[in-house]
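All chains should be modelled from the sequences, with the hints used to inform the complete structure.
Residue numbers (my numbering), protein chains in the order written: chain A, 393 to 732; chain B, 393 to 732; chain C, 393 to 732.
Don't read these hints as lab results, they were simulated from the structure.
It does not matter which identical chain is meant; a pair holds if it fits inside one copy or across any two.
Derived lysine-lysine pairs resembling DSSO-like cross-links, with alpha carbons at most 30 angstroms apart: (1) Lys721 x Lys732; (2) Lys724 x Lys703; (3) Lys589 x Lys394; (4) Lys634 x Lys503; (5) Lys516 x Lys425; (6) Lys670 x Lys539.
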Amino acid sequence: MKLKKIAEFLGGKLVGNGEIEIYRVASVQDSEKGDITFIENRESIPDSTNINASCIIVSNDFSIETSNNLIRVNNPKLAFAKIAEVLHPPKIRETIIHKSAVIADNARLEKDIFIGAFCCVGEKSEIGEGTQLRAGAKVGDNVKIGKNCVLHPNVFIEDNSEIGDSVILHSGVVIGGDGYGYVRDTERHVKFPQIGKVIIENNVEIGANTCVDRGALGNTKIGEGTKIDNLVQIAHNVKIGKRVVIASQTGISGSVTIEDDCVIAGQVGFADHTVIKKGAIIGAKSAVFPGKIVREGMWAGIPVQPMNKYKRLNAHINSIPRIKEDLKKLQKLIDELENK
Amino acid sequence: MKLKKIAEFLGGKLVGNGEIEIYRVASVQDSEKGDITFIENRESIPDSTNINASCIIVSNDFSIETSNNLIRVNNPKLAFAKIAEVLHPPKIRETIIHKSAVIADNARLEKDIFIGAFCCVGEKSEIGEGTQLRAGAKVGDNVKIGKNCVLHPNVFIEDNSEIGDSVILHSGVVIGGDGYGYVRDTERHVKFPQIGKVIIENNVEIGANTCVDRGALGNTKIGEGTKIDNLVQIAHNVKIGKRVVIASQTGISGSVTIEDDCVIAGQVGFADHTVIKKGAIIGAKSAVFPGKIVREGMWAGIPVQPMNKYKRLNAHINSIPRIKEDLKKLQKLIDELENK
Amino acid sequence: MKLKKIAEFLGGKLVGNGEIEIYRVASVQDSEKGDITFIENRESIPDSTNINASCIIVSNDFSIETSNNLIRVNNPKLAFAKIAEVLHPPKIRETIIHKSAVIADNARLEKDIFIGAFCCVGEKSEIGEGTQLRAGAKVGDNVKIGKNCVLHPNVFIEDNSEIGDSVILHSGVVIGGDGYGYVRDTERHVKFPQIGKVIIENNVEIGANTCVDRGALGNTKIGEGTKIDNLVQIAHNVKIGKRVVIASQTGISGSVTIEDDCVIAGQVGFADHTVIKKGAIIGAKSAVFPGKIVREGMWAGIPVQPMNKYKRLNAHINSIPRIKEDLKKLQKLIDELENK
Chain A
393 MKLKKIAEFL GGKLVGNGEI EIYRVASVQD SEKGDITFIE NRESIPDSTN
443 INASCIIVSN DFSIETSNNL IRVNNPKLAF AKIAEVLHPP KIRETIIHKS
493 AVIADNARLE KDIFIGAFCC VGEKSEIGEG TQLRAGAKVG DNVKIGKNCV
543 LHPNVFIEDN SEIGDSVILH SGVVIGGDGY GYVRDTERHV KFPQIGKVII
593 ENNVEIGANT CVDRGALGNT KIGEGTKIDN LVQIAHNVKI GKRVVIASQT
643 GISGSVTIED DCVIAGQVGF ADHTVIKKGA IIGAKSAVFP GKIVREGMWA
693 GIPVQPMNKY KRLNAHINSI PRIKEDLKKL QKLIDELENK
Chain B
393 MKLKKIAEFL GGKLVGNGEI EIYRVASVQD SEKGDITFIE NRESIPDSTN
443 INASCIIVSN DFSIETSNNL IRVNNPKLAF AKIAEVLHPP KIRETIIHKS
493 AVIADNARLE KDIFIGAFCC VGEKSEIGEG TQLRAGAKVG DNVKIGKNCV
543 LHPNVFIEDN SEIGDSVILH SGVVIGGDGY GYVRDTERHV KFPQIGKVII
593 ENNVEIGANT CVDRGALGNT KIGEGTKIDN LVQIAHNVKI GKRVVIASQT
643 GISGSVTIED DCVIAGQVGF ADHTVIKKGA IIGAKSAVFP GKIVREGMWA
693 GIPVQPMNKY KRLNAHINSI PRIKEDLKKL QKLIDELENK
Chain C
393 MKLKKIAEFL GGKLVGNGEI EIYRVASVQD SEKGDITFIE NRESIPDSTN
443 INASCIIVSN DFSIETSNNL IRVNNPKLAF AKIAEVLHPP KIRETIIHKS
493 AVIADNARLE KDIFIGAFCC VGEKSEIGEG TQLRAGAKVG DNVKIGKNCV
543 LHPNVFIEDN SEIGDSVILH SGVVIGGDGY GYVRDTERHV KFPQIGKVII
593 ENNVEIGANT CVDRGALGNT KIGEGTKIDN LVQIAHNVKI GKRVVIASQT
643 GISGSVTIED DCVIAGQVGF ADHTVIKKGA IIGAKSAVFP GKIVREGMWA
693 GIPVQPMNKY KRLNAHINSI PRIKEDLKKL QKLIDELENK
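Written out as structure tokens, the structure is:
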């Protein structure tokens, strides 16, 4: 792709030779001729004289002495990600249904579909145009999958799930398994009915070995553009809004609501029925205890509290030794007074 | 199912028309004609006038003004779960061995078995009557699986494991992988032998992508009626009793003992060789540190402590700022006294 | 194996009859005739008179009254693990490529390879001599796998990954999935390019359902002899050194560096870009917060701190009630003084 076309695509200002060809993106350190890279800030580049990239994306106000070509934009990292989407499109697999795949007669497959070896598609399920099922991906009965999705190897989607367009499910993801709900009887746990479904909207991406349980009576729902990392647990009847990000190993209990644009770090735990309001940001390893409603802002701790309070609290805890010393001093002063 | 038969099955008192037909269970909010629902308590239903269900299960002493049919029982949620088991039985799959399945000649398959596409059953393994292996489930050599089990897609059971009757293993479960044990030599970690097996008793249910490691020298054991959620880690030689419940992402280290009827919340961690006595309840995100024996009662915290103590401790931590103020006041009082 | 040969192999001192045959290893409690066992310390054996093993490995200075044969060594547990490697070698599977396996024409398979049912090997990938792919293991395109590896059932290795010799990947492991990186645009999260690879050196073992993400721009790397437990998350661009051990459910964020010989307990979390120096030991459920460099020594807590400090801190927290009492006493003393 010619550099001038890239600058145009990014809406950036080109400084240098627009006629050269760019083949791939690379990090500043590893970049070579033909690469485009980016510098996010001063710290990210120790010595600008040795950058081999054919072009560097920098911010409008970034001062740099270099003979490299530059593209100046507002947000270099975002521009870099956008041009990477163009230069490194997802792997296109040829339109084919592997002869080993087991497809129900009444399943409906749209055109330009890839179905790899050892895949299954169940009764009355629908696979949208351009969607790829990689080797060993298994789709149950009555499942709807939209256009241009990628199911990586060994993904499993249980009966009745609904998956939107451009959804990416990484290897080992399980969608629609039974939720974890029992009612204690005298001598056994009776399974509470797990007969709802999972609805995943467009542009959702879900990391490897993450589990999304079906609803018990209602549905579990993941909103448009939400991105979920590996090994995350999403229990029955959870409602996740749009553009939420959830990092690895976080666990979300039954019937939790996470509204739009929340940011959830790794290893966080949510007690059931808690509510996370739009735009809340929750730090790693936090715990949202039962009954909690978490409002917009930054939160951390076990249990979660506003980030400022959490930091003060940690400082307070660290000050206990000094408190003890102060107590001793006061005791001594009082003793002296008494002796007078 | 006729309503009068349902009332009879539940041992409840019918108020209304016993001749109507009930087809499915539903939540209060989403229920329609032909549904049966339940009300657990006053809070779970804001306005009883709009419930469309043909029958509501309520407690004996629950007062409600409604034209709906009612069944009165001691425990409405339990009754609801029990009738759901009848109205929504697990999916029955036809007796078939898919032509793609790879079954050892000397494996023993009882009658009424379902074996889906891309399944494997190894040498000398036994599959009990009515058991279902869904697509891609893989059973190693010399494995015993009882009656009426369901192995969901992509489950793997390692050689020599023993699985009881009516066991449900959700998608991606790994039973019998090597435990994590090494002995440090000068220049490498030498694998401690992992040659024991896994024994799972009747009526156990294990959630998606959970791992149960084989014993190192002895066995790993999960007792009858125990229910385990998704993404749980159960290490080598762990002994879990009967009717234990373990929520998602909890990790149980080697040789831990969890006795009957314990309740373990999510993201709890157990150090190896710890012992959890019968009936203990452990709150989410707690940690049981090495050497700990946890007795009956409620526990929480890192490290775990009795719930009351844990709550007081949190209150104490939150009171540090006031302690500091009190210290300042005392200092001031002393200063004043000294000046006198 | 004759006992005298075992003693010789272990470099130990034989006390007893070297001509007897040993068939397997066993724990002290369960051992029978023909078994070899070990005693690590006094506590591990309540009553030495009932050990049925044909030989017990003990330390050089361990005093025991027994008629069993003994082998005396420096480190009995290590010796036991070493002889177990000999008596219980990993299961050898016959050299075969199952007829259901799907192997690219231009893949390169060395000799003595086992490829089970429903396996895939992609374009231009290489499988080294003696390596086993168990049922359902899937290898993408352009992957290099060394000699004598074992890929357990349903392992998936993404395109371009490089796996050394004698690597063991347990069931459900995902190597080379996309890392979790996005750049926020006004209305969506734009995927940061995830185009690096995963490099795993010789003698690494990775537990069931663990995920190792590919590098974003550079590579993710796991050093020689490192052992990783089940359900661990290793994000993009993480660098793990040699002989590191990482217990279950630990999560390692992007670009973290863990140097040689570190020991990481279970459920630990690492914020991105943190650095763990050679030989550091980190306790279970700890959190390494952003910007932290963890030096050699023992660490624990959220956030991690030196183990001694962490223990003192916990003691301090437990002393808050006494601080409050002391405050009250001082207040009372001051009141008395004032009244005078």
